[in-house]
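Protein chains in written order, with the working numbering: chain Y, 1 to 245; chain V, 1001 to 1587.
If you're looking for bench data, these hints aren't it; they were derived computationally from the structure. It is possible that part of the hints are untrue.
[To be verified] Listed below are the simulated DMTMM-like cross-link pairs for lysine to aspartate or glutamate, each with C-alpha atoms no more than 20 Å apart in a straight line:
#1 V:LYS1449 <-> Y:ASP72
#2 V:LYS1036 <-> Y:GLU109
#3 Y:LYS35 <-> V:GLU1262
#4 V:LYS1102 <-> V:GLU1074
#5 Y:LYS222 <-> V:ASP1235
#6 V:LYS1204 <-> V:ASP1268
#7 V:LYS1449 <-> Y:ASP66
#8 Y:LYS13 <-> Y:ASP139
#9 V:LYS1036 <-> Y:ASP39
#10 Y:LYS173 <-> Y:GLU114
#11 V:LYS1036 <-> V:GLU1047
#12 Y:LYS35 <-> V:GLU1452
#13 Y:LYS227 <-> V:ASP1235
#14 Y:LYS227 <-> V:GLU1074
#15 Y:LYS35 <-> V:ASP1265
#16 Y:LYS227 <-> V:ASP1229
#17 Y:LYS222 <-> V:GLU1074
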Amino acid sequence: MRVEPSRLDRLLKPLHRWVWADSRRRARKLFRFAKTEADGARDLARAAELTRDPLLRRLYFRHAADEQRHADLFAGRGRDLLASQGDGGRFEANWLAPGERGLDDLRVEQEADESLLAFLHLSENAAAGRFAVYAEVLDADPQTRALFTRILEDEVFHMTYTRRQLARLSPRKQGLRLWQARAGRVWSAYLRVAAALAAVLGHVFLALQYFFLLPVFALLAKRAARKEAEGFSGARRPTPLTSQY
Amino acid sequence: MRVLGISAHYHDSAAALLVDGEPVCAVQEERLSRRKNDAAFPLSAIEWCLEQGRLEPDQLDAVVFYEKPMLKFERILTMALRGFPRTWRSFPRAMQNALGGKLWVKGIIRSQLGVRTDRILFCEHHQSHAAAAFLSAPTRSAAILTADGVGEWATLTLGRGEVDEDGSTRIQLLREMRFPHSLGMLYSTFTAYLGFPVNEGEYKVMGLAAYGNPTYEGLLKRIARRTPDGGIALDLSWFDFHQSARHSYSRKLVAELGPPREPWDPIDLQSADGRRYADVAASVQRVLEEILVDLARRLQRETGLQDLCLGGGVALNGVANARILRESGFRNVYVPSAPGDAGCALGAALYADRIHFARPHRPVADHPYWGPVADAGELSRVAAEDGFQPLRLPEAELIRRVADELARGRIVGWMQGACELGPRALGNRSILAAPHQHAMRDRLNRSIKYREEFRPFAPAVPLEHADRYFELPAGGGRLARFMSGVFPVRPEWRDKLAAVTHVDGTARLQTVDQAMAPAFHALLEAYGARTGIPVLLNTSFNLAGEPIVNRAIEGYSTFRRSGIDLLVAGDSLVVKDHSAQALPEVA
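Could you build all of it, start to finish, from the sequences and the hints given here?
As structure tokens, this is what we get:
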């Protein structure tokens, strides 16, 4: 099976090329990918612990081992890059290249085998497409490109087994499960955006309060702090356990 | 009377249940949720505790939270004001954090458990630590020292506890140091500087310290200056933790010590940077030890007591604990198995029972095994489904077989009975191996623990044999009961205990009391009968980044994903068979 990048990723290829051009940024991104893969390995091990299906258990263990190996490969390459280039740029554009399941919060305990397989299939599919585009834009770094190409082979296996097992467990409703998983991803994306927006608004509102309401209290607090003696204080007189103060 | 203790929201959330003054069970949320250091409200842990006590939430007489949220909020707000305007970035985040949930603990408990509001109580953070340390120790009168990063305001307290003949109990905290002057924050700041995760990597700093020289001790003493009354005053120009949520140390520290280590940078002790990191670790460790020893010595003189109970996360520093025992004048030093925040769930419940409700003290069973029990049947079922051939063996035969395998150099995953409360595996959720050769340490690091080479592994030894192999001061055997002290390996045994002897000739040993862990004790004896040395390497049963295993299936999962050769859960035994792990074509 040949993996193709999505149309969106094709359109954004120049941007991907720019993001991956800087070797220090590349190293940092690889470390981030390593962490994501290691988290994924733990999720899959948890899935193996929870499933009652012995075949799925074996597959999840194999998948977990693959993800852990990917984590080690990404981290190793990141270290090599930093060793040769030194550390530097902090901007990573992670919204553009989040890595495998980088933005999906997977709660293995809450998923039935079918829905988990559908989720994994879509997730692996998306990651494979993204890894394919990374491999394409890394012409200046053949070692990292080779790494992505190697990992892509595993991704193909993961895509294949998740689809096959979904068909085995849910032969009649596999299409529905995939659509449900897609809808779940869209809903999660909406929640992420909404939560991020709410956090930004809350941040701005609190920052305004900070600058307009707090200065006077800040003066008083600083003055009180200057009067504090160094070292030990007498222990605070215990308050009743019914009190939150 | 039924009292539920809860700790949550910062790190290591947990729940503990007390019925008629005696602990029934306690468990950290991470063991059930499988998220390391899970700080979420411990609903799974609470549900499990209630299930064990066969209780519904409305049958609880009290639910005790381990700190006072409003007082903590006052500290957070005050520090933001004191740091104005430099705290403009951290203020919105801190407020969102507090106002978004952590402040409303009473409402959370009421909505999650449905208990009446008047039954929800709040114990101060360091009182919870003090109660966990004192009320679970086998003593009726002791000095108490608690130290951690910070609770509400207090970062370190000195006090005393007493139990009268009639069982009435008093815990009196005499003095405290207040945020931002904190020994825990000092150590955590250097943990962060050395590239380790704060609240998790502190023991790595302790391990790394043995490779270095305390060349920065002078600087550290300027940073953490002693005050005339024996306290410390941190020079805040070296820190950022009091005004930033992101950085714990300031640029001034980096200018003085050089660039910090990035988390992914391996520590190469042959390189100049590697040696510098080790020296920094040795310096902060030395300063911490000296301050703690001095504080304990003053407390001993002031109270005249023989026993000291240590609590708070700083009490996990086994090197410092051993020095306190040797040098402070206390005859016994007691550290609970969970001196950190997880143990506060038990501490808060005990405090409420003994002090708030004034019920008579009852000795707390002197063991760390308060969690869920491993199910041998679960292991047998899953292993058989996967093509292994699990065995169910009588205990004597099981111990013989495991001791034989250990003597042959096999690595064993060992799950017996109830899970430990606290960060140490103390023989019920342990990975065991022969302790004799460096090669075993390397093999464990490479194929199971995937961790830094400088970190030592711990030995376990029957209490009655400990003196033969380790230089234990009086009271050392007790301190080592929950692996809370680091002691020298006797020079003549270091070569034969190479896998558990740290570079400085010490080991963080566990002394195993037959009454506390009979099966583990029997295994050590059986291993000793085969090899002449009843000592085993004992490391926590988990992989990097995961909590210690709880259920048998989690032990099995770890066994499948690592180089463990043999897995035991209760009376069930499984031997690694690689052909059983192959995938069929249908995949």
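Each hint tested on the structure:
| no. | hint | result |
| --- | --- | --- |
| 1 | V:LYS1449 <-> Y:ASP72 | holds, 14 Å |
| 2 | V:LYS1036 <-> Y:GLU109 | holds, 15 Å |
| 3 | Y:LYS35 <-> V:GLU1262 | holds, 14 Å |
| 4 | V:LYS1102 <-> V:GLU1074 | holds, 13 Å |
| 5 | Y:LYS222 <-> V:ASP1235 | holds, 16 Å |
| 6 | V:LYS1204 <-> V:ASP1268 | holds, 14 Å |
| 7 | V:LYS1449 <-> Y:ASP66 | holds, 17 Å |
| 8 | Y:LYS13 <-> Y:ASP139 | holds, 13 Å |
| 9 | V:LYS1036 <-> Y:ASP39 | holds, 11 Å |
| 10 | Y:LYS173 <-> Y:GLU114 | holds, 9 Å |
| 11 | V:LYS1036 <-> V:GLU1047 | holds, 19 Å |
| 12 | Y:LYS35 <-> V:GLU1452 | holds, 17 Å |
| 13 | Y:LYS227 <-> V:ASP1235 | holds, 16 Å |
| 14 | Y:LYS227 <-> V:GLU1074 | holds, 18 Å |
| 15 | Y:LYS35 <-> V:ASP1265 | holds, 14 Å |
| 16 | Y:LYS227 <-> V:ASP1229 | holds, 17 Å |
| 17 | Y:LYS222 <-> V:GLU1074 | holds, 15 Å |
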